[in-house]
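*Asks:* Here is how the chains run, residue by residue.
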Amino acid sequence: PPPAVRGGSCAAVRHPPLMQNTGAARGGKRAAPAGAGAGALQPAKLSRAELYKPPTSEELSQLKETEDLFHSSLLRLQVSRGGPGSRRWPRSAPLRLTDQAWLPKGVKVPFLQVPFSVKGRFRFVPPTELKVVGSYLLGTCIKPEINVDVAVTMPREIFQDKDNLNQRYHRKRALYLAHIAQHFSKEKLFGSVKFAYMNSNHLKPILLLRPQGKDEKMVTVRLHACPAPGLFKPIRFYPSKNNVRTAWFMEQSTPKEGATEPPTPHYNNSILCDTVLLSHLQFLSSAATDFPGMKDGLALLKVWLNQRQLSKGLGSFSGFLASMLVAYLLMKRKIVKMMSGYQVLRSTLQFLATTDLSVTGISLVKDADASLPVLDDFHQAFEVVFVDPSGLVNLCADMTASKYHQVQFEAKRSMEILDDRMVDGFQVLLMTAKPMLRAFDHVFHLKHVSKLQGACKKMQLLNELMDRGGNYVAAALPFIVSLLARGLAGRALLVAHSLPEIPEWPIDAEPPKHKDVGPLMFGLLFVPEFAASLLEKGPQADHPEALDFRTFWGEKSELRRFQDGSICEAVVWEADTVYQKRLIPEQIVKHLLKLHADIPESSICYMGALLELSVCPQVSGTGEEAMVSVVCSYDDLSRKLWNLKGLPLTVTAVQGVHPALRYTDVFPPIPMKPIYSSYNRIRTKHLLLPLEEKPCPAYIAPLKIVCHMEGSGQWPQDKGAIKRIKAAFHLQLAELLQQQHQLVCRPAVTHTDVYKDGYVFRLQVAYHRETLILKEVVTPEGMLKYQDTEESRQLELETLHLPYLTSSLHGLQQQHPVFGSTCRLAKRWVSAQLLSNNISEECVDLLVAFLFLHPAPFTPPSSPQVGFLRFLDLLATFDWKNNPLIVNLNAGLTGEQAIKNRFVAARSRLPVMFIATPKDQWSSMWTQEQPSAQILQRLLMLASESLRAVEEQLMDPLNSQDVKMVFRPPLEFYDVLIHLNPTQIPRHLESVDRPLKSFSRGVVKNSTSVKILFPVVDYDPVQCYLQELRDAFSDLALFFYDKHGGEVIAVLWKPLSFQPQPFKVSSMKGRMVTTLNSELVCVPNVEAILEDFEVLGEGLVKSVEARTEKWTI
Amino acid sequence: MAAAGERVAGAAPAGYTALAVKFGARQRSPHYLLVKEHQVREGADTAHPPRRTLFVLNVPPYCSPDALSGLFARCGRVQSVDICDKPGTGEKKEKLTSKFFNRKTVTGFQVAYVVFRKRAGVQAAKALSQEGPLLISTESHPVKTGISKWIASYAASVVDREELKAEVDAYMQDYDKKIAEEEAKAAKEEGVPDEEGWVKVTRKGRKPGLPRTEAANLRVLEREKQKKARKELLNFYAWQHRETKREHIAQLRKKFEEDKQRIALMRAQRKFRPY
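Quick mapping for you: the protein sequence lines, in order, are chains A and B.
For the first sequence, the numbering used here gives the first residue as 193, with consecutive numbering after it.
For the second sequence, the numbering used here gives the first residue as 13, with consecutive numbering after it.
Same shape as in the complex, but just chain B:
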């Protein structure tokens, strides 16, 4: 923990600008957002176009995308705000279609990509560091925290039966259709050699063949081994006999050594204190 005296609030590493933000007017100590223009090393990042995107580090947990876009609204129109756990490649994850499934909420301190309509927005945002701390929750746009937030999220956790049912039905219809198509395709290809002459064997075919799973593989290997062992002659030659004996003695010795160690260890651990 560093000495308190020599601290320069709001310092920023090269390339970044520190912006002070506070939750509301009542708070005294600000957090510092580190912002910089988003740069992509290779390829075009479609979701976060380089010149128009502001990369924001250290976004406090109560700062939602809406709050963030409100924060930067004064610098120019904000096109989109993307909040994630850690700096990603910018590759937009597949759009979450479902309201009920695979929902991941980002928590804690986050990073954000703020995409402005115009390039000027990025510069204007950087210039905010000259002003006083920005406020996340204002009277016009209050941010819910604490009890009110939890009650709201409890209310949100209640699902609408009809809606859920409809979604499940729709998904399953799609799924069934997909499976049916695959099956139809497989049935069509059944027994038909491809251009190199290979015939694909499937579980559902007339000759199902071995399933290609690890367990099945191991089973086969095991069977092979047993077969081999049955054929092998044990202690047939004199040298084999000798070898076995020697091996046995070595094993015994090893075990003895191990046991000795164990006992030494046990002795070392156990303090004899019967009183």
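Isolated chain A, as found in the complex:
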């Protein structure tokens, strides 16, 4: 009789009642769908308090419960397979390994058989043993993938001598699985029978079985074939041994004489792994006994790894590895069995953060055996070393050093976060996903991994190829990454790569090729100070290292004399603008890959700065230089104001409030000089007026500056008089600036415009007591009281809070050079979605500042693109309803909890979007009026959609990237569209899709003019039009417009005001009286209003498109 299959013997020990009682199994069947439903609908919740308090949290118990439910299906499977079913599996006659005709059409061998010919014979004999191994039994499975690993022991009879050589073992293993698959595919029991590569290692196929019905997505049984114990001698697989013959691999008939065969450590390791499946289980279960914290700690660790995308793919830091690491720490007494889950997590992270396994490997071997290989042997063969209890297997064999460094970096960062009292550690560590696109400053894709074949050739990696069974991706990856890491040393904190991942495939399909891993992604995390440096200084010319440097950089390396007199090898990269400087890493990456790995530039898709240039283009680059020159001009002006002679009172402070003066203006002003012929010249007043028949002149934004005057007894204490005195100051400032500095000025009542260096600054005089005087109220008892009024609030905002915010953010820009550009992208997006009028610029600035000041779990962005992605993510995921957004500008806040408490207590009275800063803890002044709840809702929706769309684009290097897509607003949602005449849109060139045709706007770029007529400032017909529309129809409709060159004003009717209403004198605006069901009611006079749109915008409006299919009158 065939050897009895003792199916699920282990499970039987652990769950005897379920095993024996079919009734219970049936009960389980009934319960399973209900459990599945509950699991999907009510995800377990964990709060910060729980993280610190109990190890047995709700989440874990729920997991346990769900898990228990799967016992039924699993056992069902085991009983039926391990029992009578297996008797139907016949033994097959021994055939040559290459003779695979016995396989039916529906099953393909799950193995890349290259080279195909190999010696040896295969026959199928039913397995000697089936055993459940892995995390399922330890109770450390976590969702979403519940895997039950089953080790299928292949009997000794099917193996021959020398099966360790030339992939013979692997091929037999694959054929064995194919044979089992063939049988299972006929069973109706399974929802699906598929193949997959274990951890995407193509030498190790496994068979995936999923139950039928609702459970299909919930649980997967993975069959691992493993050899009978004692089949191979361990000594054959020491890391220094060879088991793949070059001659066979190269398909040469005779081996070369005298050539030594190279060691094949990865190959050896892949066989050894199979031999220790059971002993690992025993090892882990002994560690887990009487240690409840381990289960919780592992669950947390696995979630932590999952969120960082570290736990899947070839060379991943898998959950199994995490379990072994915890067991190691237990062995080393860094963890004791008394510890809670949180403590286990902490200790493990602490260990990871401080230990570099790529330099000092660790081993689980208890008593050193002299015959076993030592750690140094492992270090020579592998990049990362973590030896298992048997002393033979390196658990981290496939991991690259770069991947481990990433794990280490994450652990370090996480420890910092856990120690930071100001951060909700649980939320940011375990609940926030860190996809590569959002975690790294620049990412690039290797479009076609098949190019790595060439790389292997160029880098002479034949031995590695052999060792990896021909997998050129795995063979080349460590070398490519270390190449990049060396090239970017100093600039990049971290050079990381995505893990090659191969999806499962149906059994009737050919196994995936190496190139099927899809594009490889690399991520760079920069050191902001050095990332953009132009120079790569090498050793002195006469040093021996100079040669090395020269070979590394190729012809880019030149001899240069430096200021200190030394002559060194150096590489100088070409970049003129800030934008180009940020892309120096791209130059480096492309150069090095071309030089050393033969990878052409065309197959690298660099996603560092796709967004910036396409969205905020300026005459040169992205306008960051323009911003600097604005600030320079402003500084000069403020110095001139300070030193102005002849003012009755001195200037005490000059403060900028315009966004350009904090580097966050989307389109910074460019020096302009008017061409007189395009204007109506008023010589008597020294100024120009727009001409009706010419295209609208270019928009010149006035740069607002607040000029604080000294307090003095001479100031009147009456608001009317203060206004007059201020007007007098404006007149006098204009006069003095003209006299002393020859600046052309145009005074007005509330300000003075100064034309300087091609910019127009708008000076506004402020007197610090004016706000107080505006607030003064005298009570009937004659007491003086201070009460906020609309006017005082406005003045306070303009002269006190806005300057403070501007200077704080200016400071932030000095710390984080990409803050401004990120803000500009964010604002451009808000405006492109037609919402710029509904959210204040300051609010967006603060949201972006939050990303830089509170980046956890990330690091502060070092490229505008990643900042923008995180901005969208922040908008989409932040819980505005229940949380205040606390922006700790200048680290001026200590008691965040107080704000939170007060926020909760007063939630209903506070703005929907609440932003607290140190100087504005309770009022959220920048979001007080807007956005409204509806607008916020729409904004959040747009943000999550945009994020999805743009990430999809950035993740897909094979298609052409049209990242502008998220900057084109959807218009189908609006009721009326007012199309504008481009000639009258002064900022038409700023639109997202730059128009092909542009108009002469009556200016030339120039900054060196002295005596000129004052240009047209702050004249934007579209804004005038919008103002009139809002004044007239604000209670009937909302108007949306992209202020940066939009050609369409989108109108949305307010549904409530379209309800027929009874006649009221106060609400007759734009309505008419009509009879409805013999009652007099008021309804909006829509036809007339639509015509009003045209009348009010005479000359500007091209057409009014009423989308009457959406509404009827």
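Hints may be right or wrong, so weigh each one.
Under the rule of at most 30 Å between Cα atoms (straight-line distance), these lysine-lysine pairs were calculated in the BS3-like manner [claimed, not checked]: (1) A:K1256 - B:K212; (2) B:K190 - A:K915; (3) B:K190 - A:K911; (4) A:K773 - A:K729; (5) A:K977 - B:K237; (6) A:K409 - A:K729; (7) A:K865 - B:K161; (8) A:K977 - B:K212.
Hints listed in this document are in silico derivations from the structure and should not be mistaken for laboratory results.
Got chain A sorted already, so can you dock chain B onto it with the hints?
*Replies:* Okay, now just chain B, sitting in the frame of chain A:
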């Protein structure tokens, strides 16, 4: 949004008459002005004499006072047109003297009071409803809208320096004079009791006294409170001690309850979705 079929254009509520107006001949759909004779409930409205004033509702945004008086000129001589944001008491706001300061422009749909020279004008205006839609912008009196209007208002926003200077100087002279007079008056009254014997203390006097502001008041109250607190004996009597303890425990309990609620709330909000 009502069904389109049964609409009767130009209906008017009781007392009102609907007048169709269009911007120009090109427009097809008119707005409807609702007009009625202005009535005052109490007191005489001097600016808008009752019988001669026509109250107009729903005046379109492009219809300036001039345009409105042109519109009603055919009904009789128009004495004045007053446009405001919402129906006011008719009390004429203080005449705006300044060209530069406190200028408020009325925008959007407005209400208007049209004062005719004669009473007949009001009746004639009501009778206009029988005629076709009135035109606001005619060839003889075009109304500027759109680009030409904005250019005009841009031009108007440019102030004349001399004029502004003169106005400011004049105002400040008046102001200084007023202040000087007040000061002189205060100086004269300084230390002189009024008929009931009260002496007025001012900031500028020899003994300035406490300023009567809220802040100063609060300061005084605060100081009083501190003084009181210093005198009070804490935990002197046994019952005081007991009371304090009980209060403390109650506070703790309250805080505990609050925290529990907070945690429950946090749990409810946060969906645990780490994958």
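*Asks:* Hints the structure violates: just list their numbers, smallest first.
*Replies:* Of the numbered hints given earlier, those the structure breaks are 1 and 6, listed in rising order.
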